[in-house]
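Undergrad: Required output: the full structure, derived from the provided sequences and hints.
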Amino acid sequence: MVSETASLAYARLYSDLAEAFVPLTDVLRAMRTDKQNNTLYDVLLAAEHWEDTGSRAAFEELARLTDGLPIRDSSGRRH
41 MVSETASLAY ARLYSDLAEA FVPLTDVLRA MRTDKQNNTL YDVLLAAEHW
91 EDTGSRAAFE ELARLTDGLP IRDSSGRRH
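Position in the sequence shown counted from 1, then plus 40, gives you our numbering.
I should point out that these hints are in silico values taken from the structure, not numbers from a laboratory.
A couple of the hints might just be wrong.
Said to hold, decoys possible - Using C-beta positions, here's what the derived DEER-type ranges look like:
1. S47 <-> I111: 34 to 42 Å
2. L48 <-> L105: 40 to 48 Å
3. R104 <-> L53: 30 to 38 Å
4. L109 <-> A60: 21 to 29 Å
5. D107 <-> E44: 48 to 56 Å
6. E100 <-> A46: 34 to 42 Å
All residues carry an ideal CB built from backbone N, CA and C; glycine is no exception.
TA: Here it is in structure tokens:
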């Protein structure tokens with residue numbers, strides 16, 4: 041019984057962490073972004089972050105830094 045309760049608590053903890061992960065990475069990205077000094081590297085980092093996590097903040101950053109918007113490849117292929 042105790043083991044089952046602990047397992048449920050861990051499951052809830054990991055679920056909460058997974059749900060909060062992308063918003064937390066958005067906060068970290070916002071903290072390190074220098075709005076005055078955007079480079080191609082920043083654009084690539086934002087694109088990778090959006091591709092890996094689906095981050096809305098990374099998508100908006102790409103829209104702000106570039107003339108294009110990313111789209112997801114529905115085939116699931118990376119290259």
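Undergrad: For every hint, state whether the structure bears it out.
TA: Against the structure, the hints come out as follows:
In this structure the hint that S47 and I111 lie 34 to 42 Å apart at CB holds, the actual value being about 40 Å. Distance hint check for L48 and L105: the Cβ-Cβ separation is about 43 Å, which falls inside the suggested range of 40 to 48 Å. Checked against the given bound of 30 to 38 Å, the beta carbons of R104 and L53, roughly 35 Å apart, stay inside it. Hint check: L109 to A60, Cβ distance near 26 Å, so the stated range 21 to 29 Å holds.
Range check, D107 to E44: Cβ separation about 55 Å, and the 48 to 56 Å hint holds. For the pair E100 and A46, the supplied restraint of 34 to 42 Å holds, since their beta-carbon distance comes to about 40 Å.
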